[in-house]
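A.B. asks: Residue-level listing of the chains:
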Amino acid sequence: MSSPLNYPFEIQRIFRKKNSLKKELSENQSLHKIRVAILGGSTTDQVVNILELFLLKNGFRPSFYQSEYNQFYEDAVFGSSELDDFGPDIVYIHTSFRNVIKFPSFGCGSDEVENQLEEDLERFRQIWKALERFRCPVIQNNFDLPPHRSLGNLDCYDIHGKAFFLSRLNLEFAKAARETSGLFLNDINYLAASFGLREWHDAGLWHTAKYAMSFDAFPNLANSIAAIIASILGKSKKCLVLDLDNTCWGGVIGDDGMGGIQLGQESAAGESFISFQAYAKELSKRGVILAVASKNDDKIAREGFTHPDSVLKVDDFVAFKANWDPKPENIEIIAKDINIGLDSLVFIDDNAMERSIVKAQLPDVAVPDVGDQVINFIDFIEGNSYFEAVNISPDDIERTKFYSNDQSRKKQKASFSSYQDFLNSLEMTSEIRPFSNHYLERISQLINKTNQFNLTTKRYSLTEVSEFLSSEDYITLYGRLTDKFGDNGLITVVIGKIKDNQCHIDSWLMSCRVLKRDMEFAVLEILVAECVARGLEEIIGTYRESPKNKMVADLFTKFGFETISSESGCPRWRLKLSTYKKREIPININ
Amino acid sequence: MNRDEIFKETQEIFRDIFDDDELEIEETTSSETVEDWDSLNHINLVVAIEKEFEIKFSLDELASLKNVGAMVDLMVQKMDF
Numbered sequence: 001m002s003s004p005l006n007y008p009f010e011i012q013r014i015f016r017k018k019n020s021l022k023k024e025l026s027e028n029q030s031l032h033k034i035r036v037a038i039l040g041g042s043t044t045d046q047v048v049n050i051l052e053l054f055l056l057k058n059g060f061r062p063s064f065y066q067s068e069y070n071q072f073y074e075d076a077v078f079g080s081s082e083l084d085d086f087g088p089d090i091v092y093i094h095t096s097f098r099n100v101i102k103f104p105s106f107g108c109g110s111d112e113v114e115n116q117l118e119e120d121l122e123r124f125r126q127i128w129k130a131l132e133r134f135r136c137p138v139i140q141n142n143f144d145l146p147p148h149r150s151l152g153n154l155d156c157y158d159i160h161g162k163a164f165f166l167s168r169l170n171l172e173f174a175k176a177a178r179e180t181s182g183l184f185l186n187d188i189n190y191l192a193a194s195f196g197l198r199e200w201h202d203a204g205l206w207h208t209a210k211y212a213m214s215f216d217a218f219p220n221l222a223n224s225i226a227a228i229i230a231s232i233l234g235k236s237k238k239c240l241v242l243d244l245d246n247t248c249w250g251g252v253i254g255d256d257g258m259g260g261i262q263l264g265q266e267s268a269a270g271e272s273f274i275s276f277q278a279y280a281k282e283l284s285k286r287g288v289i290l291a292v293a294s295k296n297d298d299k300i301a302r303e304g305f306t307h308p309d310s311v312l313k314v315d316d317f318v319a320f321k322a323n324w325d326p327k328p329e330n331i332e333i334i335a336k337d338i339n340i341g342l343d344s345l346v347f348i349d350d351n352a353m354e355r356s357i358v359k360a361q362l363p364d365v366a367v368p369d370v371g372d373q374v375i376n377f378i379d380f381i382e383g384n385s386y387f388e389a390v391n392i393s394p395d396d397i398e399r400t401k402f403y404s405n406d407q408s409r410k411k412q413k414a415s416f417s418s419y420q421d422f423l424n425s426l427e428m429t430s431e432i433r434p435f436s437n438h439y440l441e442r443i444s445q446l447i448n449k450t451n452q453f454n455l456t457t458k459r460y461s462l463t464e465v466s467e468f469l470s471s472e473d474y475i476t477l478y479g480r481l482t483d484k485f486g487d488n489g490l491i492t493v494v495i496g497k498i499k500d501n502q503c504h505i506d507s508w509l510m511s512c513r514v515l516k517r518d519m520e521f522a523v524l525e526i527l528v529a530e531c532v533a534r535g536l537e538e539i540i541g542t543y544r545e546s547p548k549n550k551m552v553a554d555l556f557t558k559f560g561f562e563t564i565s566s567e568s569g570c571p572r573w574r575l576k577l578s579t580y581k582k583r584e585i586p587i588n589i590n
Numbered sequence: 001m002n003r004d005e006i007f008k009e010t011q012e013i014f015r016d017i018f019d020d021d022e023l024e025i026e027e028t029t030s031s032e033t034v035e036d037w038d039s040l041n042h043i044n045l046v047v048a049i050e051k052e053f054e055i056k057f058s059l060d061e062l063a064s065l066k067n068v069g070a071m072v073d074l075m076v077q078k079m080d081f
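Protein sequence lines, in the order shown, are assigned to chains G and E.
Take the first sequence: its position 584, counting from 1, is numbered 584 in our numbering, and each next residue is one higher.
Take the second sequence: its position 30, counting from 1, is numbered 30 in our numbering, and each next residue is one higher.
Excised from the complex, chain G in its bound form (with noise of 0.2 Å):
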């Protein structure tokens, strides 16, 4: 049976069988644990069972506190000891319209009202900045609408009215957002619209036992949370496949030909076909990567996107498998050449049986059931949060290219006597340096996705990381790496806590994009140089395993360090900056 869980949720199967679900979802033995703290301004004992589910389903193991009814804004500011031992990962603020200190009265003029908006904002401010205290990231709703305006249309320009007021609010907590790291909103004024306002609310419940949403409403609002927490800590999608014949375009362009298939502004189905296309296309624009999977010959199938209608363009996929090889083969290839997991791939084909096959072959890809009409495929894929983002990176809009330069950069490979002709041929440089404040974000989401090159797998939130910049007992380097295929970006990171007159290797990572470039050695290279500038004396490295860092096991003994402990458990090794010996490598230190 399919899960509840996924988009289309069912709604009375979620809350009836709740129990049994969570236990189901409980035996998976990878979940990863996190301490979640609401704040409510409403009850939130439902919000916390529907939260959990959604959140085992992500892979998270959450424990919870809960502050007492309507305590959000004490809880927040003057703390409560339950709370600070409870220690959260990540905070959640559910607040809602409900929780306005006063709308303004008819009477009142417009310097009262923006000192009442002020006020309200004030309080919001107050908590935010009191929370800070927890190091961690904090979830703030925004503001629904209500479900009844007493002005009519009024409502949303008169400055007494309810709608505009909120939506004033509305505009400065995404102000607040953007400009406080660490501050992330959960849209509830698009869900309640998306959902329906009339749906959304429920005077009973609210009357009766004080939640501000119906129970209806609670699985949208629990899918979003845990979405914006996967996305923070790195887990959405990455990859969204795509099947071609009546997904990119109506018909079978084998049969039909090119001239044959409905894609354009010609009919109703060509039209949808190009909305759909061009909804992928903005996914790739923003950093998610394209990728096909298609029975079809190969010619033929990239024919079609010379289509002159074709939003998509060959040069858009990073991965084009067009033959007929059972699909799951060739999305595990697609995986495997990109270098992510399976877990980071979205699936979409109108045909149901390819999607059976794929689910059954491929348990962790994602392949919603979207059914055989491209007008609700969208919908599928925002309805389950795939691709949520909580910042968008420079990097992310230049990932297709870092990916296609990859492609050239394998073709180029192959016709070198030598890899290390290959390497110096690239051309190389790279920036490395101490962290700046113009990196943070982009160092924080590596440090929170990279999984393979990661000695320690430790993850840290923004905030924490802006700490290890501003403390002098850490060593911070951040890489970037360019060669002429073009900029890699910035794609390791190493800390080093400084301990009498050592530096221990606290984090170490590197993006699979430029794994076997020898930039590892680089980064080594300034690392040592910034030890005996602090009159440091030697490295300590260890190496914490994971399901998936094997390929760093031995990356000390690599780098010429002298083993001092292989106990399994946590294995540790000794540079001495005396007698480190720098090695040629291809590439140019800026």
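Among the hints, erroneous ones may be present.
What the hints assert, rightly or not - Below are the DSS-like pairs computed for lysine-lysine, each with C-alpha atoms no more than 30 Å apart in a straight line:
hint	chain 1	residue 1	chain 2	residue 2
1	E	LYS66	G	LYS558
2	G	LYS17	E	LYS51
3	G	LYS313	G	LYS22
Stated by the list, open to error - Computed footprint of chain G on chain E; a stretch qualifies when at least three of its residues, placed anywhere within it, have a C-beta under 8 Å from a C-beta of chain G:
hint	stretch
4	13-23
5	26-33
6	38-45
Keep in mind the hints are simulated off the structure, nothing from the lab.
No experiment lies behind these values; they were computed from the predicted model shown.
We treat Cβ as the ideally placed atom computed from N, Cα and C, and that holds for glycine.
Please arrange chain E on chain G, whose structure you already have, making use of the hints.
C.D. replies: Relative to the frame of chain G, chain E by itself:
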């Protein structure tokens, strides 16, 4: 749906909400006799019943529900119309 059938389905809902597959409800079962039947679970119960039987209790009715028997009586009455 007759009263027995409604009663039986109501029992299933109770079992789901209180996470107890063996829970047997009776006419006199009330929040006094079921340990987890607090105000929060009461709301969960009421919402589940409303959805399952596509009925709606008024606020006064909610306040007057004393035990399972009274609840089922009210449900029968609402579903008759």
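A.B. asks: At least three residues with a C-beta closer than 8 Å to a C-beta of chain G: is that true for the stretch 26-33 of chain E?
C.D. replies: violated (count 0)
A.B. asks: For the pair supplied as a hint, LYS17/G and LYS51/E, confirm whether the alpha-carbon distance does not exceed 30 Å.
C.D. replies: holds (14 Å)
A.B. asks: At a Cβ distance under 8 Å, does chain G reach at least three residues of the stretch 38-45 of chain E?
C.D. replies: As far as the stretch 38-45 of chain E goes, the hint holds, because 4 residues have Cβ atoms under 8 Å from chain G.
A.B. asks: Given as covered by chain G, does the stretch 13-23 of chain E meet the bar of three residues or more with CB within less than 8 Å?
C.D. replies: holds (count 4)
A.B. asks: Given the hinted pair LYS313/G and LYS22/G, is their Cα-Cα distance within 30 Å?
C.D. replies: Outside the cut-off at roughly 43 Å; violated.
A.B. asks: Has the given pair, LYS66/E with LYS558/G, been kept, meaning a C-alpha gap of at most 30 Å?
C.D. replies: Violated, because 74 Å separates the two Cα atoms, which is more than 30 Å.
The structure is inconsistent with the numbered hints 1, 3 and 5, although it conforms to all the rest.
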